[in-house]
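There are 2 protein chains.
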Amino acid sequence: MMPADSPASRRTFLAASGMAAAHVWVPTGANGYTPEEMRERVSTTGISKWELDTPALCVDLDALEANIATMQSRLAAKGLGARPHAKTHKSADIARKQLAAGALGICTSKVSEAEALMAAGIDRICMTTTNPSASKVRRAMALSRTSPHFIHAVDDEKNARDLADAARDAKLTANVVIDVAVGTRSGIPAGEGAVALAETISRLPQLRLRGLLSYDGGAQHITGFATRRTTALKNIEANAAVFEALKRKGLPTEIFSGGGTGTYNIQHEVPGFTDVQVGSYLFMDMQYLAIGNAEGGVVYDDFQRSLTVLATVLNNRFPGRLTTDAGAKALTLNVPRAGVVGEPGMDYNAGSDEFGVITYKQATKSYAIGDKLELVVPHCDPVVNLYDQIYGIRKDRVEVVWPITARGKSQ
Amino acid sequence: MMPADSPASRRTFLAASGMAAAHVWVPTGANGYTPEEMRERVSTTGISKWELDTPALCVDLDALEANIATMQSRLAAKGLGARPHAKTHKSADIARKQLAAGALGICTSKVSEAEALMAAGIDRICMTTTNPSASKVRRAMALSRTSPHFIHAVDDEKNARDLADAARDAKLTANVVIDVAVGTRSGIPAGEGAVALAETISRLPQLRLRGLLSYDGGAQHITGFATRRTTALKNIEANAAVFEALKRKGLPTEIFSGGGTGTYNIQHEVPGFTDVQVGSYLFMDMQYLAIGNAEGGVVYDDFQRSLTVLATVLNNRFPGRLTTDAGAKALTLNVPRAGVVGEPGMDYNAGSDEFGVITYKQATKSYAIGDKLELVVPHCDPVVNLYDQIYGIRKDRVEVVWPITARGKSQ
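Sequence order for the protein chains is D and C. No gaps in the numbering here: position 310 of the first sequence is 676 in the working numbering, and each next residue is one more. No gaps in the numbering here: position 5 of the second sequence is 371 in the working numbering, and each next residue is one more.
Hints listed in this document are in silico derivations from the structure and should not be mistaken for laboratory results. Given the structure is predicted, the values throughout are model-derived calculations rather than measurements. Possibly wrong hints are sitting among the right ones.
Identical chains share a label here; the pair holds if one copy fits it or two copies do between them.
[What the hints assert, rightly or not] Pairs of lysine-lysine residues, derived as DSS-like cross-links and limited to a Cα-Cα distance of at most 30 Å, are as follows:
#  : residue 1 : residue 2
1  : Lys761    : Lys463
2  : Lys600    : Lys615
3  : Lys613    : Lys600
4  : Lys731    : Lys444
5  : Lys524    : Lys727
6  : Lys761    : Lys731
7  : Lys727    : Lys615
8  : Lys463    : Lys444
9  : Lys524    : Lys731
10 : Lys463    : Lys600
11 : Lys731    : Lys463
Let the sequences and hints guide you as you build the complete structure.
And the structure:
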């Protein structure tokens with residue numbers, strides 16, 4: 367039996383029956399949805415987000431689409447491209463939206479992440495981490511075989527030679543960029559060694575050098591725009607010198623990529639910089655909201671907050687306390703604390719594996735067992751990585767359910 | 367071509383080819399392995415753990431089996447049963463081992479966890495969290511339909527009546543236990559309200575009251591056995607009074623369950639206690655290792671450390687520092703710090719999403735890019751929940767690959 371015509375009775379019907387709306391978004395087979403994913407789509411599309419079982423990962427589609435458009439146009443206005451990092455969203459569907467908006471390509475941190483996205487049809491992928499083991503060289507080279515656009519990150523001569531050998535065996539020429547360290551975490555230190563590595567790579571006929579990566583993870587979350595700008599520009603000085611040296615030697619520099627959501631409006635000041643590896647701008651989270659904007663505001667509001675986790679109140683019997691069903695397995699980190707939408711007086715502790723504990727002195731209403739709350743996550747990347755799907759919400763209604771294509775792909 | 371006969375050449379062959387050992391453990395179709403899981407089994411069974419791509423979640427099978435046997439026999443010696451909590455392992459295979467060793471049943475925190483384990487053949491499941499929404503009542507009652515052994519946790523009269531209605535619609539009698547709070551997190555406060563709830567439930571013909579739960583999450587990690595014992599026994603006093611009141615009123619008390627790895631050797635002092643919801647004893651982690659044992663030792667060594675995450679060195683170029691490929695997405699928490707096996711002088715920081723950063727003054731050797739390290743995880747439950755599979759290792763060789771059956775099932 368189909369639902370009645372009025373929106374209210376249709377909503378009631380859907381809530382009561384758990385059945386699909388009349389117009390269900392039916393995915394094509396191309397993305398390899400499992401039967402469970404298909405059932406989830408059919409049973410939730412069209413319902414109110416407040417009827418979802420919790421914990422549920424939700425993204426507001428209006429805000430997400432606005433963020434993609436805003437980032438693309440602001441970078442373009444400064445002469446830069448976007449090469450969004452999939453480590454944030456791990457979703458082929460969101461990557462497709464970013465590419466459709468004009469992104470140069472998509473970044474991945476891990477080879478398994480690239481495998482999953484490529485299997486779901488995303489082919490312009492640039493790895494930002496090296497693959498130093500023999501097995502991972504094989505896996506990465508298999509991706510070059512699948513797509514001529516795949517780009518390997520290299521920071522070590524032995525690894526470059528291993529990749530060249532694998533490319534020769536695969537009878538192809540593989541794209542590579544050198545990963546030049548900003549700070550001490552990953553990459554070859556900026557300086558003569560980095561230039562020498564680029565020269566070595568340029569002499570290996572199976573590798574095609576495309577340029578360099580210079581990601582400054584440490585600068586992204588610096589509070590206060592002025593300090594963030596000064597630090598980011600100082601940190602990347604030595605990398606800019608490597609870029610200049612490569613250019614002088616006639617080596618390829620068509621890619622000079624790095625930066626992120628925190629420095630997207632700073633990177634154009636780096637001479638030769640080509641594109642920014644933005645990620646969190648899609649969603650925003652408690653960490654990024656707190657870094658402040660370029661106008662001196664304490665809230666970083668260049669992008670809209672689109673990502674939330676829905677939770678249910680399980681216990682309300684102790685004064686000034688609520689227990690929810692969203693703990694560490696739903697939110698990962700507990701620092702900074704998750705935010706409760708509409709309840710600035712609440713402190714949310716996700717320190718337990720299965721439960722969230724809210725303490726408060728003031729709340730806008732009294733909460734019953736079974737009531738739902740919406741949470742802003744502490745840090746988006748590891749939270750998204752916990753969920754099999756994300757509910758795409760428009761005006762509080764589930765419009766689409768996307769699989770987290772590369773969920774758990776940390777290898 | 368099959369590998370040669372000698373173990374050494376067979377190992378070399380396997381490492382080089384990524385192919386299967388001659389004797390591959392082939393799972394039956396019953397557990398619903400995906401094609402990807404099947405490939406993982408075939409490609410890794412028989413190889414050295416040091417050849418696994420990283421990050422990889424590993425469990426030492428000798429230690430795991432010893433821990434299961436030790437816990438079972440020590441609880442039995444005190445007249446208690448084990449009702450191990452699957453929130454720790456989320457694995458149908460490990461649950462089967464626990465049941466085979468004599469466990470009374472298996473606990474789950476979330477209904478989706480119970481669904482996944484029951485679909486994989488585990489049927490004696492007791493939920494330890496309530497399901498207050500209409501949708502979750504439906505889902506939980508579907509599990510009662512599948513197995514007459516399924517037990518619902520209830521802490522609220524409305525929820526009890528909703529469950530009774532659902533049981534009537536399903537034409538069955540559902541097992542329930544009342545969840546009585548220890549502390550303020552979940553459950554109905556110990557006292558008259560809890561007794562009244564038990565009486566209400568006992569008058570609902572569709573529900574069969576079995577007893578009560580009293581889990582003291584806060585006591586499990588108290589450092590020092592004496593303090594842990596005193597606190598745990600004091601915290602549960604009011605719950606023990608509820609148990610006595612139910613008994614006096616002739617209400618069912620065949621289940622009086624709670625406790626965990628930290629208090630397994632304390633719970634028998636609670637009059638009427640029946641079984642302990644042990645979880646982490648299987649694996650041990652940095653949190654539990656630090657709580658101290660009953661003999662006054664600073665290391666809690668009642669159980670063997672069996673769980674590790676393998677990681678690969680990605681960067682060794684900065685003095686006193688190493689970068690690995692195991693960050694927050696491989697280890698979740700950063701407090702307490704992960705331990706590096708065999709390198710007590712190393713401090714491991716998993717604060718980055720994709721990278722681990724080791725700082726050290728002393729190391730037993732110098733580490734090259736591509737070298738592997740073994741990590742003891744900060745806290746086992748949320749780490750296991752990140753991985754699709756766990757490698758069962760015996761004498762450093764992969765013997766079995768188990769799916770994490772309920773990975774990500776936090777609803």
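30 Å Cα cut-off: does Lys761 pair with Lys463 within a copy, between copies, both or neither?
-> The answer is within: 19 Å in one copy meets 30 Å, while 48 Å across copies does not.
With 30 Å as the alpha-carbon cut-off, assign the pair Lys727 and Lys615 to within, between, both or neither.
-> Result: close neither inside a copy nor across copies, 65 Å intra and 39 Å inter.
When no copy is named, should Lys524 and Lys727 be tagged within, between, both, or neither for a Cα gap of at most 30 Å?
-> Close across copies (27 Å), not inside one copy (60 Å); limit 30 Å.
Pop the pair Lys613 and Lys600 into one bin, within, between, both or neither, using alpha-carbon distances up to 30 Å.
-> within (21 Å within a copy, 72 Å between copies)
Given a CA cutoff of 30 Å, do Lys731 and Lys463 count as a within-copy pair, a between-copy pair, both, or neither?
-> neither (38 Å within a copy, 47 Å between copies)
Give the relationship of Lys524 and Lys731 under a CA distance limit of 30 Å: within one copy only, between copies only, both, or neither.
-> between (62 Å within a copy, 20 Å between copies)
Is it within, between, both, or neither for Lys761 and Lys731, if the alpha carbons may be no more than 30 Å apart?
-> within (23 Å within a copy, 58 Å between copies)
30 Å Cα threshold - placement of Lys615 relative to Lys600 | Cα proximity of Lys600 and Lys615: one copy only (24 Å, versus 75 Å across).
With identical chains treated as interchangeable, where does the CA-CA distance between Lys463 and Lys600 reach 30 Å or less: within a copy, between copies, both, or neither?
-> neither (33 Å within a copy, 57 Å between copies)
Since the copies are identical, ignore which copy is meant and state whether Lys463 and Lys444 lie within 30 Å (CA to CA) inside a copy, between copies, both or neither.
-> within (21 Å within a copy, 61 Å between copies)
At 30 Å max between alpha carbons, let me know whether Lys731 reaches Lys444 within a copy, between copies, both or neither.
-> neither (46 Å within a copy, 48 Å between copies)
Consistency with the previously given hints fails for numbers 4, 7, 10, 11, ordered from lowest to highest.
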